[in-house]
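Undergrad: Model the placement of chains B and C on the given structure of chain A, informed by the hints.
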Amino acid sequence: MRKHIVLQTDFGLSDGAVSAMYGVALSVDPWLQLFDLTHDIPPFHIWEASYRLYQTIDYWPEDTVFVSVVDPGVGTDRLSVVVKTEKNQYVVTPDNGTLTHIKDSVGIMEARVIDEKVNRLPNSGESYTFHGRDVYIYTAARLASGIITFEEVGPEHDVKDLVLLPLNEMAVKDGVITGNIDILDVRFGNLWTNIDRHVFKEAGIHYGDFLEVTIENNQRHLYKNMIKFGRSFADSRLGEPLLFVNSLDKIGVAINQGSFAKAYHIETGANWKISFRKVEM
Amino acid sequence: MRKHIVLQTDFGLSDGAVSAMYGVALSVDPWLQLFDLTHDIPPFHIWEASYRLYQTIDYWPEDTVFVSVVDPGVGTDRLSVVVKTEKNQYVVTPDNGTLTHIKDSVGIMEARVIDEKVNRLPNSGESYTFHGRDVYIYTAARLASGIITFEEVGPEHDVKDLVLLPLNEMAVKDGVITGNIDILDVRFGNLWTNIDRHVFKEAGIHYGDFLEVTIENNQRHLYKNMIKFGRSFADSRLGEPLLFVNSLDKIGVAINQGSFAKAYHIETGANWKISFRKVEM
Amino acid sequence: MRKHIVLQTDFGLSDGAVSAMYGVALSVDPWLQLFDLTHDIPPFHIWEASYRLYQTIDYWPEDTVFVSVVDPGVGTDRLSVVVKTEKNQYVVTPDNGTLTHIKDSVGIMEARVIDEKVNRLPNSGESYTFHGRDVYIYTAARLASGIITFEEVGPEHDVKDLVLLPLNEMAVKDGVITGNIDILDVRFGNLWTNIDRHVFKEAGIHYGDFLEVTIENNQRHLYKNMIKFGRSFADSRLGEPLLFVNSLDKIGVAINQGSFAKAYHIETGANWKISFRKVEM
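Protein chains in written order, with the numbering used here: chain A, 1 to 281; chain B, 1 to 281; chain C, 1 to 281.
Since the hints were made in silico from the structure, they are not lab data.
Hints are supplied without guarantee of correctness; some may be wrong.
[What the hints assert, rightly or not] Within a straight-line C-alpha distance of at most 25 Å, the following computed SDA-like cross-link-like pairs (lysine to any residue) qualify:
| hint | chain 1 | residue 1 | chain 2 | residue 2 |
| --- | --- | --- | --- | --- |
| 1 | C | Lys228 | A | Val74 |
| 2 | B | Lys228 | C | Thr76 |
| 3 | A | Lys201 | B | Gly75 |
| 4 | B | Lys160 | B | Gly97 |
| 5 | B | Lys87 | B | Ser275 |
| 6 | C | Lys173 | C | Lys201 |
| 7 | A | Lys262 | B | Ser14 |
| 8 | A | Lys228 | B | Pro43 |
| 9 | B | Lys250 | B | Ser275 |
| 10 | A | Lys262 | B | His45 |
| 11 | A | Lys278 | B | Gly75 |
| 12 | B | Lys87 | C | Pro30 |
| 13 | B | Lys262 | C | His39 |
| 14 | C | Lys87 | A | Arg120 |
| 15 | B | Lys87 | C | Leu32 |
| 16 | A | Lys250 | B | Ser275 |
| 17 | A | Lys262 | B | Phe44 |
| 18 | A | Lys117 | C | Ser124 |
| 19 | A | Lys87 | B | Asp29 |
| 20 | B | Lys250 | C | Gly12 |
| 21 | C | Lys103 | C | Phe44 |
| 22 | A | Lys250 | B | Pro72 |
| 23 | B | Lys228 | C | Ser124 |
| 24 | C | Lys117 | B | Asp77 |
Chain A on its own, in the form it takes in the complex (with noise of 0.2 Å):
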């Protein structure tokens, strides 16, 4: 079986960074096969990090090693490890909460702290801010391509003490849904909430059925009106808000062919409540 590598960092692309981690890659192994996943999480952000490898993880096959490498605490003792998914794929991280989704969705099976007295790219001990290069890829190359074992990472570690960020809560009381803004469809402008397709089924609601919508940030409202939930954008007009079932099976909100987020300012986050109820017409 061919493995994979897949990366996701912060870094962008506007500079010698990524490349800098390909090479090392292909210096282990030339034939190693590398994918990106984005290299544009917002700096630093770890929740998005999380999120972006949920979105994508379930449609690589077995054996594939992610590395994600956003990573504000290089340099702390955050760990570094690398972990074995229950349906068999390689996760390489800092240790800061990029696995909550994972966790959450994917299960993991084991844990591992990488031992950078081995795994560490030779002659880059002066550097301590770049692991990355020094580290990350350096590790996921050599298991990817069979010269370390996961077993030979480093030491195992206690699954339980991985590092989560808290996930967003979702409920229904008396006939009203509410959940979060877990994130943007960044290009498009659509929001996508934590709230599952199914949980619109058990309360009843149809496709061609109108909701009345409420996002609020802090208590403050920002939006209440309301929206159809169509089967596809082909159930709204141009330029008509819809609610929708995104490709994760979640509920999502647009504007068809406009930005949702850009017409009303809404952000993303454990602050961004959404609530849906179903209105009789």
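TA: Relative to chain A, chains B and C alone:
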């Protein structure tokens, strides 16, 4: 012969959408070679998607499979097709005008409608908003890897019925050559017209000649000045405008190391007319 | 040994230019492995192209072929060259200063001028504006795939005659270390100076020491304050400035999780001087 897949979308690279498409392809066949055309097509801009295919397709080997997903009509009854060009390359795309330039410049030999009962990512049935991942790349990967033949994509579709955008026309009359600004060389702000180099040749225009250039948008004049027709940028001074033959053998308008588009607020499309008249000096 | 090609340009990725280059290379040899350094060099910025090569080249395997196309002089009589470095890597580039840092840091063993009668994409003769596609990548692909030897690139060119940009100099006098801000770590806004770590060492500066840092642009003072020299970002508080050893073993200036460049409007180049003086506290 090794088959390559080249992806183009309007998704951007800031989230996991393109990476999920890569993963789907490599799950079909881990040995596929995947490449990007661009993922920075302006959202829903079918004309530009069509143009970028035209700009690059001739430089890729036979049997390359292109996937273009600029799909404002996802979820409507627009068709999903795979076409085989006169030069034995394939394009997988919604049938929404994306094939306009390819049909005109390369020619299309045969078209087939994707049969989603067979050619759809297993267990993706409830998502109606990401055909790029669930239908287009999945079909492209199966075709490129030889799992399905072109015939097994689905039923044949009459090439004459493919959706086409209107192409801008050019005209020569009383010594004035009139055409359109089809697109920008984005990074450098150069204008690319739809006027072929040989039209200048036939009109007796030579390198070193000066032309009166007029640019108008909906009858409103935005630029009217003399510009030299140069063999290359070296024939103009820094900051000076010039006419040149671009990399597709069309007439372009530039400012040497500046941006013509920004300097004069020029955009592109059917309403942006440009005309040239040779001036005896 | 597998040969890799690494591309760098100032073309951006929003249109088809880079993809056309990929296609040309794969038409020469469908088994070539192509990678990107960056395509986001600011337009015509030769210094930055030179620096990004220097930043990454050491991390790539022997025999890697780099192609750098930042080419304000396309169409002039500037030469097109391929050089072989002291570490057996190749760089294909216009001879316009792009090789400045490589020559200084790695060393260049031999240079050859591309003979365009042989090494030019067939039927590209009428286009004078896209040598990246028609000459540079075509030559790089033929060299990397072994179709031509280094000698068959074209006639030898004296390494001493390669065009070089002036490198900024540093000086130590009366306990003050003076140098330049060579470049930014773009995404994070950190300043990268041309002062090596060992200069600090020799001046008796240790982690934990405080230094008075002065930044001036054309004799105008823009910053003068005390900053701690930290072993890593962890040695400063959130939002606090610090001095650090960057990933190229040079002294950098940062704000922990902020942008020093934005905070104080700092840019880069020969006119941007920075000086350090150790302070006894």
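Undergrad: Of the numbered hints stated previously, which ones are contradicted by the structure, given in increasing order?
TA: Result: hints 5, 16, 18, 24 break, sorted rising.
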